[in-house]
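Fit chain Y to the given chain E structure using the hints.
There are 2 protein chains.
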Amino acid sequence: MANNAKMKIVVLVSGRGTNLQAIIDAQQTKTIASRIIMVISNKENVAALDRAEKANIPFQVITSKGKSKDVYNKELLKSLQTLNPDLIVLAGYMKILPSSVINCFPNKIINIHPSLLPSFPGLKAQQQALDFGVKITGCTVHFVDEGCDTGPIILQEYEKVHNNDSQKSLSLRLLKKEHAALVQAIQLIENNKVILQDRKTLLREEP
Amino acid sequence: MANNAKMKIVVLVSGRGTNLQAIIDAQQTKTIASRIIMVISNKENVAALDRAEKANIPFQVITSKGKSKDVYNKELLKSLQTLNPDLIVLAGYMKILPSSVINCFPNKIINIHPSLLPSFPGLKAQQQALDFGVKITGCTVHFVDEGCDTGPIILQEYEKVHNNDSQKSLSLRLLKKEHAALVQAIQLIENNKVILQDRKTLLREEP
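Chains E and Y are the protein sequences, given in the same order. Residues in the first sequence are numbered from 1 upward in steps of one, following the working numbering. Residues in the second sequence are numbered from 1 upward in steps of one, following the working numbering.
This is chain E alone, in the form it adopts within the complex:
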């Protein structure tokens, strides 16, 4: 694998952008060598775009609202092909990427999910975990494949669930773990430490 240091990263967002902020912070403190070349949101006026602007990172809105899925996906793919990133990070991006995008960037798209996959894929993972009554949950950084949160896992971090946890309190603690895991995953990838074998990853230096 070629040396990926200083990868060009595109971050896809849909909302608050706290995971985007974690990457921005890591870039500014040189915790990672890679740089975000573009933030793309499928929604206008979200806080994630303010974070990009404040950090002088280019951003664009490719709105999914009022468009057919097909039209939206083609616009997104065209933009991504023009940008030609080394890594695409889904950071709270609430749309399912179509296979056209996934196949165009094989093993170059990662997602952060607020559960220990394969438990609780999909939406509201924290509430799913509370409803099931697990005592340990966590977060997962994984490569994106065509399934819903099913791709090869790069990193996982655990978090204990407390008696009195609400969706909010648990989500807040998980967010901290998500931020750390996402930055660590980017570090591992830019340093060529992630080896993909079938559907599993081996890490050259285990965290």
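Don't take each hint at face value.
No copy is singled out in the list; a pair is fine if it fits within one copy or between any two copies.
[Unchecked claim] With a straight-line Cα cutoff of 25 Å, these simulated PhoX-like cross-link-like pairs (lysine-lysine) come out: (1) Lys193 with Lys160; (2) Lys168 with Lys200; (3) Lys168 with Lys43; (4) Lys108 with Lys193; (5) Lys6 with Lys30; (6) Lys160 with Lys177; (7) Lys95 with Lys168; (8) Lys160 with Lys176; (9) Lys8 with Lys78; (10) Lys95 with Lys8; (11) Lys69 with Lys95; (12) Lys67 with Lys78.
Note that these hints are calculated values from the structure, not bench results.
Coordinates of chain Y only, in the frame set by chain E:
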């Protein structure tokens, strides 16, 4: 809830009985106040029975081999009703308990499972975890309901998966966590620290 201290425990086994040994050790060191009144195996000549004998704990074999499921289940239920335990522990017991037994001992049956449920229920959970490529797995102590490893969770412990883990190496590390979790769950139950609310448990003192 009545004070359960010094519960009468029946342990169901099918094989090596290392989880049984953990309970025997906890009983002998007075880590738990409860006592095992009977070990029941569905197989003859398994190491678990030697462990019971060595510890002077009564044991019986109710063989499932060569019998209809119905006949076996009736024999098991009759034996359990005669013993009238406060707690039934499935410790590597490889049969599915029928609803007749589960309904007769509501919230009095616990199981130890070598994964962080709801991930990887059923057989060979460690291999399932390795095949999926998770970075964190663990073990779960839960009340037994009519599903397969679906009952309310009492305790979970996590364990990291390493690059070079085999089914054997991971299982060995998990076993240590299982032993600790199982003993801790019995402690919590005998001290009335486990409160069941719908399908969830609250622990009066969180570990």
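(request) Give the relationship of lysine 69 and lysine 95 under a CA distance limit of 25 Å: within one copy only, between copies only, both, or neither. (result) Within one copy, since 10 Å is at most 25 Å while 48 Å is not.
(request) Pop the pair lysine 6 and lysine 30 into one bin, within, between, both or neither, using alpha-carbon distances up to 25 Å. (result) within (11 Å within a copy, 59 Å between copies)
(message) Regarding lysine 95 and lysine 8, is the shortest C-alpha distance of 25 Å or less found within a copy, between copies, in both, or in neither?
(response) Cα proximity of lysine 95 and lysine 8: one copy only (22 Å, versus 54 Å across).
(request) If the cutoff is 25 Å on CA atoms, where do lysine 168 and lysine 200 land: within, between, both or neither? Let me know, please. (result) between (32 Å within a copy, 18 Å between copies)
(request) State whether the alpha carbon distance between lysine 95 and lysine 168 is at most 25 Å within one copy, between copies, both, or neither. (result) within (22 Å within a copy, 40 Å between copies)
(message) Treating 25 Å as the Cα threshold, decide for lysine 160 and lysine 177: within, between, both or neither.
(response) both (11 Å within a copy, 16 Å between copies)
(message) Cα distance capped at 25 Å. Does lysine 8 pair with lysine 78 within a copy, between copies, both, or neither?
(response) within (17 Å within a copy, 68 Å between copies)
(message) My question is about lysine 193 and lysine 160: at a cut-off of 25 Å on alpha-carbon distance, are they close within one copy, between copies, both, or neither?
(response) Intra 28 Å, inter 18 Å, cutoff 25 Å: inter-copy only.
(message) I want to check one pair: lysine 67 and lysine 78. Are their C-alpha atoms no more than 25 Å apart within a copy, between two copies, both, or neither?
(response) Only inside one copy: lysine 67 and lysine 78 sit 16 Å apart there, 65 Å across copies, limit 25 Å.
(request) With 25 Å as the alpha-carbon cut-off, assign the pair lysine 108 and lysine 193 to within, between, both or neither. (result) The answer is within: 14 Å in one copy meets 25 Å, while 48 Å across copies does not.
(request) If the cutoff is 25 Å on CA atoms, where do lysine 168 and lysine 43 land: within, between, both or neither? Let me know, please. (result) Classified as within: same-chain Cα gap 23 Å, cross-chain 48 Å, threshold 25 Å.
(message) If the cut is 25 Å between Cα atoms, do lysine 160 and lysine 176 qualify within a copy, between copies, both or neither?
(response) both (13 Å within a copy, 19 Å between copies)
Taken one by one, the earlier hints all hold for this structure without exception.
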